[in-house]
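Knowing the structure of chain A, use the given hints to seat chain B on it.
Residue numbers (my numbering), protein chains in the order written: chain A, 1 to 223; chain B, 224 to 471.
A hint or two may mislead.
[Stated by the list, open to error] Using C-beta positions, here's what the derived DEER-type ranges look like:
1) Thr-107(A) with Arg-308(B): 50 to 56 Å
2) Gln-48(A) with Thr-421(B): 58 to 64 Å
3) Arg-149(A) with Leu-366(B): 29 to 35 Å
4) Val-51(A) with Thr-421(B): 33 to 39 Å
[Stated by the list, open to error] Covered by chain A, per the in silico footprint, the following chain B stretches (three or more residues, Cβ under 8 Å):
5) 269-282
6) 292-303
7) 348-357
8) 434-440
No wet-lab data here; the hints were simulated from the structure. Predicted model only: the values in this text are computed from it and were never measured. Every residue, glycine too, gets a C-beta built ideally from N, C-alpha and C.
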Amino acid sequence: MEIRLGSVLLIAALTSGCSWFHRGAKAQPEIVPEPADADTSIISPQVQRRVVKTPKIKAKNFEVGVNFGALSIQDFGTNPLYGVRLAYHVTEDIFLEADVARSKAGTTSLQDVFPNITVLSESGRRFTYYDLDVGYNVLPGEVFLGRGRAFNTALYAVVGMGAVKFAETDKFALNFGVGTRILLTDWLDMHLDVKDHVFETDITGRTKNVHNIEATLGFAYFF
Amino acid sequence: MRRLLPLLLWVQAMLAIPALVEAKVPRKPVELVVTEPYVEMRAGPGRGYPVTYVVGRGDSVEVLFSRTDWFKVRAPRGPEGWVRRDELAKTQLTDGSPAPIPPYPDFATHTWELGAAYGVYNHQNLVAAYVDYAITDSLDAELTLQQALGTIDNRYLATVGLRHTFIPEWKWLSPTAGLGTGVQYIDKSTPPQPLDKTNQVAYVTLGLRGFITKKFMWRLDWRNYVVFTKENDNKEPEEWKFALAVFF
Numbered sequence: 001m002e003i004r005l006g007s008v009l010l011i012a013a014l015t016s017g018c019s020w021f022h023r024g025a026k027a028q029p030e031i032v033p034e035p036a037d038a039d040t041s042i043i044s045p046q047v048q049r050r051v052v053k054t055p056k057i058k059a060k061n062f063e064v065g066v067n068f069g070a071l072s073i074q075d076f077g078t079n080p081l082y083g084v085r086l087a088y089h090v091t092e093d094i095f096l097e098a099d100v101a102r103s104k105a106g107t108t109s110l111q112d113v114f115p116n117i118t119v120l121s122e123s124g125r126r127f128t129y130y131d132l133d134v135g136y137n138v139l140p141g142e143v144f145l146g147r148g149r150a151f152n153t154a155l156y157a158v159v160g161m162g163a164v165k166f167a168e169t170d171k172f173a174l175n176f177g178v179g180t181r182i183l184l185t186d187w188l189d190m191h192l193d194v195k196d197h198v199f200e201t202d203i204t205g206r207t208k209n210v211h212n213i214e215a216t217l218g219f220a221y222f223f
Numbered sequence: 224m225r226r227l228l229p230l231l232l233w234v235q236a237m238l239a240i241p242a243l244v245e246a247k248v249p250r251k252p253v254e255l256v257v258t259e260p261y262v263e264m265r266a267g268p269g270r271g272y273p274v275t276y277v278v279g280r281g282d283s284v285e286v287l288f289s290r291t292d293w294f295k296v297r298a299p300r301g302p303e304g305w306v307r308r309d310e311l312a313k314t315q316l317t318d319g320s321p322a323p324i325p326p327y328p329d330f331a332t333h334t335w336e337l338g339a340a341y342g343v344y345n346h347q348n349l350v351a352a353y354v355d356y357a358i359t360d361s362l363d364a365e366l367t368l369q370q371a372l373g374t375i376d377n378r379y380l381a382t383v384g385l386r387h388t389f390i391p392e393w394k395w396l397s398p399t400a401g402l403g404t405g406v407q408y409i410d411k412s413t414p415p416q417p418l419d420k421t422n423q424v425a426y427v428t429l430g431l432r433g434f435i436t437k438k439f440m441w442r443l444d445w446r447n448y449v450v451f452t453k454e455n456d457n458k459e460p461e462e463w464k465f466a467l468a469v470f471f
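This is chain A alone, in the form it adopts within the complex:
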């Protein structure tokens, strides 16, 4: 059974490989030699088929970039944060965004008073999140640098959901925030974002909603 399945796979793979190969090769027009005794008074038409190629316009709706900044983890201080962003612009108003970022918690104020207490293990201090967001460009506009330079900008709001892994447990988290985007060139933009990640936790003994606010600077490439 496995051999038969294998041979089917092999044949399928080889035939598709051949088709790729065929795609790569330039299709040469076949030249049919004229018969020697052809009547030269009759002009045989040598019409070549015209290849109609509709030109394509490149769309640049995707954005991929990096963010750096600070994350204030509730009860655990403010710490550096770094992450990546992928966005897709659907209309001039709406975009979808996915973010992944990471930070590391510091110590609680309790630990500053009693240094021997351990609240979180070394790996538990890692704060990692991912978000799926929808964004709306609330205030599109322009900013000016001196007399001769203008950059397109947008002040936007985002809201979404995702998961936060902190203290070695994964929690469902909601997030919302505002940001501004400045298009430096057609393919590069700069972001400034402030975002809050809210989730329920009992790390400090009592179950409560914690707010973790981040402020980041990011750069992204449009493609």
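What follows is chain B alone, placed relative to chain A:
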């Protein structure tokens, strides 16, 4: 056979490279001729940006790229600006054929769908992302990645399935049904640990889908899973989720 497979895949990849390299030839910007009295160029890709330049009938513009419904163009004397999709669609190529501005995808016959969902799985919060490929107008193949976050454990699910849309031409509301299979991984930090962390699952699904605007759509899905465990009983968790998606 198993050892042969990577080799085959490698050969396939090698064969594909020339075709990809061939496609990488830098493109010349598309040139379009204005046939309406004029075309307005704006300072930015949005309805509120001021008009900075006007190209008259008979002149041509070079189209550099597009972003959402706006096209960045260069006028004959050099200035650049953004032209709205429906205005640019009225122009022509230099050979007189219509401008290559594709229309919006038709919802009933779209091919790809990319979406995110929130839901409840086994009484846990669920975050999901999915991609859907239409084999025919009424039959889709779907790949879903989801994470269910609970107070006791945290589960990852990856599923593939087929879904039938009963009346795809009903734009605003159309029922769907499907089935599929996948894998569930349980990540639990506190004891007792489950007998098996990784289990195969199968599911049946009923749902609704509808069009919102332009490229946006929604889905509401109910799934009933069977988780094949080594315990005496198979688990049968239920799932509800609401998705927003973009279609192409």
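Evaluated hints:
no., hint, in the structure
1, Thr-107(A) with Arg-308(B): 50 to 56 Å, "holds (55 Å)"
2, Gln-48(A) with Thr-421(B): 58 to 64 Å, "holds (59 Å)"
3, Arg-149(A) with Leu-366(B): 29 to 35 Å, "violated (45 Å)"
4, Val-51(A) with Thr-421(B): 33 to 39 Å, "violated (52 Å)"
5, 269-282, "holds (count 4)"
6, 292-303, "holds (count 4)"
7, 348-357, "holds (count 3)"
8, 434-440, "holds (count 3)"
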